[in-house]
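Trainee: Chain by chain, the residues run as shown.
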Amino acid sequence: MSRQMTGAEMIVEALKDQGVDTIFGYPGGAVLPIYDALFHQNKVRHVLVRHEQGAGHAAEGYARSTGKVGVLLVTSGPGATNAVTALTDALMDSIPLVCITGQVPTHLIGSDAFQECDTVGITRHCTKHNYLVKRIEDLPRILHEAFYVASSGRPGPVVIDVPKDVQFATGAYHFARNIQHKTYQPQLKGDRARIKHAVAMMAAAKKPIFYTGGGVINSGSAASTLLRELVKLTGFPITSTLMGLGAYPAPDPQWVGMLGMHGTYEANNAMHDCDLMIAVGARFDDRITGRLDAFSPGSKKIHIDIDPSSINKNVKVDLGIVGDCAHVLEDMVTLWRSESMVADKAALASWWKQIDKWRARKSLGFQNSKETIKPQYAIQRLYELTKDRKTYITTEVGQHQMWAAQHYHFKEPNRWMTSGGLGTMGYGLPAAIGAQMAHPDALVVDVAGEASILMNIQELSTAVQFRCPVKIFILNNEYMGMVRQWQELLHGGRYSQSYSEALPDFVKLAEAYGAHGIRCSDPAKLDDAIKEMIDHPGVVIFDCLVDKAENCLPMIPSGKAHNDMILPDEIDDIGSVIDDKGKMLV
Amino acid sequence: MNAAIPTPAFPPSPYSSAIGKSNVESHTLSVLVDNEPGVLARVVGLFSGRGYNIESLTVAEVAHGEHLSRITIVTSGTPEVIEQITHQLERIVPIHKVIDLSLTKRSIERELAMVKVRGTGEARVEALRLAEAFRAKVIDATTESFIFELTGATAKIDDFVELMRPLGLVEVSRTGVAAISRGPEPI
Ligand SMILES: Cc1ncc(C[n+]2csc(CCOP(=O)(O)OP(=O)(O)O)c2C)c(N)n1
Ligand SMILES: [Mg+2]
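Each protein sequence line maps, in turn, to chains E and H.
Heads up: the first sequence runs through residues 1 to 586, numbered per the numbering used here.
Heads up: the second sequence runs through residues 1 to 187, numbered per the numbering used here.
Derived from the structure by calculation, the hints contain no laboratory data.
Just so it is clear, the structure is predicted and the values come from calculations on it, not from any experiment.
All residues carry an ideal CB built from backbone N, CA and C; glycine is no exception.
Treat each hint with caution, since some may be false.
[Unchecked claim] So the derived list for chain E, only partly shown, Cβ under 10 Å to chain H, looks like this: (1) G121; (2) L132; (3) V149; (4) S151; (5) D344; (6) D579.
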């Protein structure tokens, strides 16, 4: 059944048909017809952000906390270019987004018209796919195809650029729930023979480890459930990337902590010394592998990924399985059971003994203080005081992000949202707003740095307007701490431009926006202050004044191997660890 | 390493050499795409964005009714890089199929070249004689010049161009490589 309507109406209709209840956007000349169509209905709620980058990150937060596609709507020219950082962020972290951009009318395209930019050209490299809709006849198909492309296979952002005349034009709208795409049909089921072989490799392993990533989260909650089952069945240790936190419950004894540059000693050493690595939905990113030629030299490697290009990209593996994590994990669990596979119990016992020795180094340890709040302590207290609630954590980028990953222990998938691949300062606040819009009754905390938070501070206004009671928990060290740490490591402690000069008074800033401000600098008063934050019904900025000189450890310095970490209790002068070759790396 | 872990019988990929240790090879990729606006920009952008080489690129619509175009790309890299290129191409939404023709070992490659040569006297006669040996056609002539049309594998055209150089080569226009697999089956 098709109905006649305008292009603008089709867009709103397609959103409804796709089950979209919330979109994030900012109006302008080239999207006015769409805003008019939004005005005439109340099924799709529009959240007015204060900058289009904020719309993108909010849509990411919404998507990542729900598993649904996040939607943003922006105008042509500057609206589209402002969204580019968020689109790139979503591409790097495989977040499904549909971004609708207005465009000048078709007859003006190419004439350098007012607020014209080559949106499809600019976003070609930062989207999974993009469309310029030149004819109203194509619009319904493209709208639904965009949702299909964004959410299937390895998810990612899709841009639909809609010229203003196409928004005004009238045509037939149609919607078919099941799209059979001409070319894009990602493989979900893994190859049976390969999975069978993987299971045999696992049964023979003496020092195995699961290394899981964001793909497990993207695959949906079934994947996390199946992963837990397989880990329990085998008794293997499990570590995860920054993006994969929460797929496996951190309090469980088989969890060895996050791996990589700021991962735990036990996770990184286990990765280095293992004889079998089972990578699930992870992509061997350089923050994970450290020095490539010294990456887990003695292991056989199995890699499960829905994106064939991820397999053998950075690290050569012995067995690649292309497929969706949930599908492949399900087959593995079934096979392990039906073939009555058993792990090598004796070998595993001595492997765990070794891991426990590494664990005993307590690599996340720090010197606590009675005078100043240690940032790690602040996260520990935040965790303890919020762990029994339905809590969603977002972060900005920097030391605070890593401390949150290390010291906040996630038990569920989709509760942790951070900018991993792109490392975008300014991500956390809008992402928190997106998550809070999707989960109005939950506690949503943006763990922030005083520098990062200023990058999208304008979204405070959005949070207040939409009664979106996000809590911004700033670990205020008065430095771009991560930059300062690298300057200490690499550049003789010359802190060029990394001091956070002329900071606003965050308590007054909160008040200026109509939010609530709290400041705390005394470790003894921290718990009460955090409770005050949690109990406050509205938006809060918590200015937590922490130790200014704390470094984020442990750390694999760039250019070093997994078993060559800087540990917190070993090092007095971090300025002496990295050689000239390592300095070249980022 | 634990010798007890069975080594997979199937290769992890069509290539088995260690990353970084293998040689740079030239491969011909045949890419079937939906002929929609921007598809060539996506392909070319992938190569520039990820730092891959393009040695030759040809593109033309091959099935008008189905809006299908065929892009033939000659690229070079280690086998691992070529495999990456193949998979990265497959990620582009409007791409139907990517075939590495060099892996099948059963493909034919052809290029067309038009070669302008200027000269008189002995050089002119010699050019014409060589053109005959290469089965090049004369498609334009003046009293002091020829344009030859020549088809063949890239190496043959390279050879011809080199031979023309001392005989008064003025300019060359080449189509780039078109390739197809042998036998009755499509790619
Ligand atoms: C948009 C952007 N610009 C620059 C950087 C580089 N960068 C990474 S961390 C960081 C400092 C962050 O400072 P702050 O927010 O105070 O966090 P801290 O490290 O002190 O916890 C900078 C500048 C970035 N990641 N993103
Ligand atoms: Mg800071």
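Trainee: Please go over all the hints and tell whether each is borne out by the structure.
Mentor: Hints and how they fare:
1. Of the supplied interface hints, the one on G121 (chain E) holds, with its beta-carbon coming within about 7 Å of a beta-carbon of chain H, less than 10 Å.
2. Given hint, L132 (chain E) at the interface with chain H, holds; its Cβ is 7 Å from that chain's nearest Cβ, closer than 10 Å.
3. Interface restraint check: V149 (chain E) against chain H, minimum CB-CB distance 6 Å, threshold 10 Å, status holds.
4. With a cut of 10 Å, the hint placing S151 (chain E) at the interface with chain H is violated, because the nearest CB-to-CB distance is about 13 Å.
5. Taken as an interface hint, D344 (chain E) checks out: its beta carbon lies about 8 Å from the nearest beta carbon of chain H, inside 10 Å.
6. For D579 (chain E), the interface hint is violated, since its Cβ never comes within 10 Å of a Cβ in chain H; the closest pair sits about 21 Å apart.
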